[in-house]
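Please construct the entire structure, taking both the sequences and the accompanying hints into account.
Keeping their order, the protein sequence lines are chains H and F. Just so it is clear: in the first sequence, position 110 is 110 by our numbering, and no numbers are missing. Just so it is clear: in the second sequence, position 255 is 255 by our numbering, and no numbers are missing.
Check before you lean on any hint, since a few could be wrong.
Unchecked claim - Chain F is faced by these chain H residues, among others (derived, beta-carbon under 8 Å): (1) I13; (2) R15; (3) V20; (4) R22; (5) P30; (6) V37; (7) G40; (8) T51; (9) D52; (10) L103; (11) E128; (12) S130; (13) S136; (14) L263.
Quick caveat, the hints were computed from the structure, so don't treat them as lab data. In this text, all values refer to a predicted model and were calculated from it rather than measured experimentally. Just so you know, even glycine gets a beta-carbon here, dropped at the ideal spot from N, CA and C.
Number of protein chains: 2
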Amino acid sequence: MTTLRDIGEDALIARLIALVPRDPDPAAGPGDDCAVVDPGPSSSTVQLLKTDCMVGGVHFLPDTPARSVGWKSIARVVSDFAAMGGLPARFLVTVALPLETPLSWVEELYRGIGDCLETFGAVLVGGETSSVPPGSSAVISIAATGSATREHLVLRSTAAPGQTLLVTGFLGGSLAGKHLNFTPRIKEANWLVSHFKPQAMMDLSDGLAKDLPRLAAASGCGFTLDRAALPLSPGSTPEQALGDGEDFELLLALEPGRVPGLLRAWSAQFPELPLTAIGCLVKEGAGEILTGGWDHFAAVR
Amino acid sequence: MTTLRDIGEDALIARLIALVPRDPDPAAGPGDDCAVVDPGPSSSTVQLLKTDCMVGGVHFLPDTPARSVGWKSIARVVSDFAAMGGLPARFLVTVALPLETPLSWVEELYRGIGDCLETFGAVLVGGETSSVPPGSSAVISIAATGSATREHLVLRSTAAPGQTLLVTGFLGGSLAGKHLNFTPRIKEANWLVSHFKPQAMMDLSDGLAKDLPRLAAASGCGFTLDRAALPLSPGSTPEQALGDGEDFELLLALEPGRVPGLLRAWSAQFPELPLTAIGCLVKEGAGEILTGGWDHFAAVR
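What follows is the structure, encoded as structure tokens:
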């Protein structure tokens, strides 16, 4: 009998979405960081929809401070709005928790949720609570709406061969703590789409080794990667930079002629955060193959 | 140490939402069946947002057909859009599942999700998948957008003393099967708001004993209930009609002078589905007190 252990996350999703009615509008996902809802040409903005979840024992541990769990649950979603060149707006929080959960833990969770919503100008508008049977892990599921102006919206499927690949920040070593207290790149993404709108963009949640092939495939491209150029987090190896996941940095594709200007302007605008060219897109079928990164349904990472 | 076992679901939610930034627009929930987002006076419709979840061992059992689980997960949310006088539109489905889950089970789940989306003219636009640790229950979390015309939108907080309380269908006995294969009252609700718009409406998900006090409290009312009038499902007692939960029928409040006309028109329109007057709203602090119904965090039902 085939189980989820035997099939990768991307293959599973492809099988499942074939079983349900989908939006006829092809800009509306599934497949990008957020689903895009276009209210029609009279509107200068599009709506973004996103859902995400965190599971005890997978995304956080029993000794993880609840306030950090709350921050992370919202920040992961804010990072997806950043990746589209958008802003977060309204959140719905669903928690499924064991009856034995201390009330103080749940209150700290919501304080962390509140910290992150307030930092990024978003609000809570609803949610749901449920118990889980004894011994089951806690699940925190976040749904959110956001928006992007039509001219600033960036997809991951619109890059082309020859374009340069860049990443913000440092990669690898997320488990040392960065995965809990990271700052979503909303400020940087919104500056980018206003000044040097990328040809494609996504956030790095499952590791470059998993996410770069996704961006390339969505754009109908292959890719080459300059491993020596990878901006490594202190103490991280190139393998960790590729495979640890939960970097929550931006990966973008830009026409090569625009890269020098972007790098100059970026270092003036964000002197403390590197922006690094790490490779380029090539024709589909050419380039290299990356394996690894985080897969929720892989038996071995 | 206080745990979730020691505090009711409604009290928990009240404590939690005080910890996070909320929408300044008071029509925007939390507290009603859906959150309401008003895009401004130039729009003739408002957007509805809803999230819900189903947990293995709580909302469905290991031997529940996966296709029924999928249907129910969507139908529960469609019922909330009905309760607001609206229609469902776009869905995001998040599943957190054990690695040992058979692929065929997940595919049947999505077929059931697809059945219900198609029946009610809605589409899937995104989602998320995660594993849960060994031994943990499956969690299926649904987020959805919908809409209601401004003139048809019904809240649960807008009833007043003296109004008649009515319910659709039969109450009680959901565990005999109705909780899995019910039809959300979207057709009936949309007819109601067009022809006899109720002063307030909600769907009955946790049992009349839990939900009627919620509608009354949201409207600043008390209530009296005519137990002898309760429309009992075959084989159900009045206690079961009050407490079983998962009826997914509509509870509405209507000015008493409009009730005879509604009942005549209703029986012509929906000859197979009863609509029954079961009591009335009274002044806050007067009337009776109901206890029971489904509470996710109560140690004993």
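Could you work out which of the previously given hints the structure breaks and list their numbers from low to high? 7, 14
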